[in-house]
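Student: Chains as they are written, first to last, in full-length UniProt numbering: chain A, 1 to 289; chain B, 1 to 288; chain C, 1 to 365.
Source of the hints: derived by calculation from the structure; they are not laboratory data.
Where a beta carbon is used, it is the ideal one built from N, C-alpha and C, also for glycine.
Watch out, some of these pointers could steer you wrong.
[Unchecked claim] Some chain B residues well away from chain A (every beta-carbon gap over 12 Å; in silico): (1) 34; (2) 74; (3) 78; (4) 88; (5) 149; (6) 152; (7) 160.
[Claimed, not checked] So the derived label-pair ranges between C-beta atoms look like this: (8) A:151 x B:28: 30 to 36 Å; (9) A:36 x B:258: 51 to 57 Å; (10) B:39 x C:91: 53 to 59 Å; (11) B:33 x C:91: 40 to 46 Å.
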Amino acid sequence: MATIQQQQQRRDRIRLALLLTPGLLWLLLFFALPLVIIFVYSFMTNDALGRVVYEPTLNNYITIFTQSLYVNAYWRSIWTSVLTTVICLLIGYPLAVFIARSPQQWRMPLLMLILIPFWTNFLVRIYAWQIILANNGIINGFLEMIGVGRLTLLNTEGATLVGLIYGELPFMVLPLYAAIDRFDFTLMEAAADLGANKVQAFLRIMLPMTMPGIVAGSVLVFIPTLGQFVVSELLGGAKVDYLGNLIQRLFLRANPINWPLGSAMAVLMMLVLLVLIMMYFRVTSEEER
Amino acid sequence: MIKTAPATTASARIRGAFSEGRLTWSGLALTGFSILVYLFLYAPIVILVLFSFTRDEFGVRWTGFTFDWYIRLFNNPRMMGAAWNTLVVATVSTIVSTIIGTLLAMAMERYRFRGRNAMEGLIYLPIVVPEIVMAVALLAFSAIVFDVIKMVTGETLRRNLTTVTIGHIAFSISFVVVVVRTSLKNFDRRLEEAAADLGADSWQTFWRITFPLILPGIIGGALLAFTLSLDDFIISLFLSGPGTSLLPVEVYNRVRRAVTPEINAISTLMLILSMALVALSQLLQRRR
Amino acid sequence: MSDSIAIELRDVVKRFGDVVAVDHVNLQIRDGEFFSMLGPSGCGKTSTLRMIAGFELPTAGSILIHGREMGLTPPHLRPVNTVFQSYALFPHMTVAQNVAFGLEMRKVPKAEIARQVKEALELVRLSGLEERRPRQLSGGQQQRVALARALVNHPEVLLLDEPLGALDQKLRKEMQLELKSLQARVGITFVFVTHDQEEALTMSDRIAVMNKGKLLQVGTPTEIYERPNCRFVADFIGETNFIDGVVIGRDGNYTVLETPEGLRFRGLATRPLSDGTQVTYSIRPEKVRLLAPNGELPPNGLAGTVMTVNYIGSDTRITVRINDRRTIDIWEQNTRSTLDRDEYWQPGEAAVIVCPPDNALVLSE
């Protein structure tokens with residue numbers, strides 16, 4: 001009897017191995033190992049031709065912490081990501097409430113309408129804003145017509161922000177909708193019945209109960225925004241450097257290219273992300289209590 | 001009062017059950033706000049499509065209707081080549097990542113094993129790591145691999161469509177796993193017991209019961225992988241080599257130099273392709 | 001009904017981690033009988049059924065089907081079929097495909113499958129719905145498909161896991177009768193798991209009552225109701241008055257117990273009990289009689305005061321207080337209309353209750 005059981009167990013193990021191995025190998029080889037490599041690179045040196053020299057050093061990190069170019073890029077990226085996240089939340093929350101409170105048969109179409117622009121190429125969506133904000137574009141045409149005159153809209157940090165919000169809004173709305181759709185709105189009536197005004201009811205009941213959606217949406221928006229470089233290049237005019245722009249330049253276009261320094265920036269970015277997300281979870285879970 | 005009445009009923013109908021049919025100023029404000037957000041989402045896309053037909057050579061003003069930009073696009077071998085490359089990469093990446101991802105999802109959903117939590121982390125990490133980090137890491141990795149190959153065989157390799165495809169698969173796997181796992185979770189395990197009870201062995205049970213029922217999830221995962229690959233720009237930029245450009249990279253290079261309606265035209269075509277994919281996935285979902 | 005044994009459980013134990021789901025169960029189910037396993041949720045009845053079907057393997061002990069040791073035989077090789085709790089119909093197949101599935105697995109020729117599927121659907125009165133999908137059917141129809149899908153394979157034993165649980169009350173009653181007559185027609189042994197005591201009493205030839213993994217009593221519905229062998233069975237099936245006390249002796253066939261406050265009751269004990277044993281006296285409310293006091297207490301009588309009188313249609317339920325700490329429930333059948341019966345019991349009235357010892361039980365533990 002035991003042997004049949006052992007046979008069964010062995011067959012199960014073989015099956016599991018067949019299921020796991022391809023994915024495990026692929027992710028280790030083409031995801032985990034590359035991350036280890038840039039971690040190692042971040043402690044290496046660069047020669048004048050842009051080749052990696054295997055001499056351990058902390059210079060890359062020292063450079064990042066001491067040169068204002070890099071320090072500023074970190075602050076700018078963090079600040080812009082926070083701003084983008086908050087604005088997406090402020091726009092996304094009422095929108096998600098609107099969808100969740102619509103008649104049942106309208107909800108899915110309304111949600112799909114949010115998703116459709118998101119299914120078009122990211123670059124195309126950013127490019128569309130170039131057309132709108134261009135000096136001789138639509139908005140300026142309109143402003144000229146009503147006599148305000150042309151404004152510089154494109155190649156500003158404002159344009160970058162608009163592009164980021166436009167690109168990330170769906171990532172905020174979807175988890176928010178999921179959370180708000182689950183929320184039982186009779187609880188708001190119960191709160192009102194117990195003497196809470198609308199603001200109190202929202203802050204004490206609805207906000208804590210929809211917090212998981214807020215957290216998920218914020219994280220989903222924050223992560224890609226922190227590493228972006230296309231929006232600031234195409235809409236911001238590459239006038240100021242964000243983290244992503246510097247990393248891209250160090251890896252692809254600088255003369256000479258400097259992969260160790262770029263790797264150190266990438267590693268630090270992951271670290272910043274980790275710390276900020278942990279802080280965020282700490283704060284929001286207190287809110288929930 | 002009387003004048004506003006029809007508008008009231010109309011918007012009440014729009015908002016339906018909101019506040020149990022009671023019309024409130026906050027409800028109206030919410031509706032208005034939401035309409036504005038939808039406009040914000042759609043205006044750029046409408047304008048983009050519209051201006052792919054403008055005569056204006058900067059593509060930012062309406063100066064009359066023309067098909068010229070589409071014709072020029074189809075006669076542009078660079079763009080067409082990039083479009084073809086993009087489709088090839090997306091197809092291969094979808095097939096590989098769907099197979100690997102489905103197998104992984106089965107393992108994670110059906111088995112308990114040592115190191116399962118670590119595996120869970122490894123699967124979800126690519127979703128939360130910023131794409132640029134993954135891109136530079138893969139770039140550095142490919143450079144090392146090429147150096148090693150050169151040392152061993154003396155052959156000089158360059159980044160090409162294969163490197164891009166490998167990268168796309170690496171991040172698509174995770175998304176496929178998420179989607180397929182959801183349908184495995186929703187799958188009622190008692191159906192498998194019922195099949196076994198009726199005399200089906202585990203192979204028959206899988207192909208007759210489990211597979212057909214999680215197939216919509218697998219197709220959903222595949223469509224997501226396809227779209228992610230089509231949509232990807234960052235990894236494509238870092239991992240594609242000279243002469244093997246992908247469409248988003250080509251668009252990026254063009255846009256950095258100047259805006260032309262040719263870009264609008266290619267964007268419109270990409271938009272239509274994406275929409276068709278979404279429609280297809282919705283259709284498949286409905287057929288369930 | 002033959003006397004051969006369809007299913008035998010020998011000292012079966014099932015543990016899930018630290019939890020003992022089935023605790024040393026010995027059981028024989030006869031060929032052709034309608035056998036129910038009854039108990040509250042988590043009592044081990046479903047685990048037992050799943051072990052017979054082969055979805056779970058016993059931690060210890062053995063299961064025999066028609067004398068054949070099942071051991072590690074996987075479900076698809078066992079000569080039993082199951083009707084699942086919420087039917088587990090294959091949603092991507094039509095009714096006919098669902099019913100045909102088991103036959104296909106056994107490589108029955110196509111023409112034969114078609115004939116048998118037709119027959120099975122006729123048996124459960126579903127002819128004409130062959131091409132429907134399960135979700136296009138009502139709950140009752142789905143239930144019948146599940147039955148046909150299992151019965152078409154002519155299993156040696158049919159296992160039913162709370163198959164009526166999802167139906168509404170009225171449909172449930174209908175299906176109970178239908179299942180019973182179906183079983184009589186096909187002559188297959190049915191093992192029926194339920195937590196509904198009324199359902200078990202209505203349908204079964206024999207019932208096994210389980211609690212906390214243990215098999216407490218096996219018997220006909222009458223035996224289970226009239227002669228429960230422990231407090232749990234008496235409590236779980238029907239309603240009953242319980243009075244705790246200590247055995248103080250015997251009186252002919254009866255065992256006598258005394259409560260702490262000195263009241264004495266007499267009843268039948270299921271096994272000999274020595275003096276001083278802690279016991280529970282149990283008498284069903286419909287077995288207690290209520291009389292008007294006439295000065296003298298009859299044998300087995302107690303004086304009390306009527307507290308509440310609740311008319312519920314077929315019965316009137318009366319609660320009588322016999323001292324500061326005890327009340328007794330009495331159900332009187334309304335054999336004639338209580339309308340215009342001013343003389344009927346009123347709260348506060350003095351009354352005498354009589355507990356016939358032939359209808360009372362003395363239960364240990």
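Student: The structure should be examined with respect to each hint, and the outcome stated for every one.
Tutor: A quick look at each hint next to the structure:
Here residue 34 of chain B does not stay apart from chain A, with its beta-carbon only about 4 Å from theirs, under the 12 Å limit. Distance check on residue 74 of chain B: its Cβ is at least 18 Å (rounded) from any Cβ of chain A, clearing the 12 Å threshold; non-interface status holds. Separation of residue 78 of chain B from chain A is adequate, the least Cβ-Cβ distance of about 16 Å exceeding the 12 Å criterion. Look at residue 88 of chain B: its CB is around 17 Å from the nearest CB on chain A, clear of 12 Å, so calling it non-interface holds up.
The beta carbon of residue 149 of chain B sits about 15 Å from the closest Cβ of chain A, which is more than 12 Å, so the claim that it is off the interface holds. At roughly 18 Å from the closest C-beta of chain A, the C-beta of residue 152 of chain B stays outside 12 Å, upholding its exclusion from the interface. With a least CB separation of 15 Å from chain A, residue 160 of chain B remains clear of the 12 Å interface cut-off, as annotated. Range check, residue 151 of chain A to residue 28 of chain B: about 32 Å between beta-carbon atoms, so the 30 to 36 Å window is met.
Taken as a hint, the range 51 to 57 Å is violated for the pair residue 36 of chain A and residue 258 of chain B, whose Cβ atoms sit roughly 41 Å apart. Taking the beta carbon of each, residue 39 of chain B and residue 91 of chain C are about 41 Å apart, not inside 53 to 59 Å as hinted. Separated by about 41 Å at the C-beta atoms, residue 33 of chain B and residue 91 of chain C satisfy the suggested range of 40 to 46 Å.
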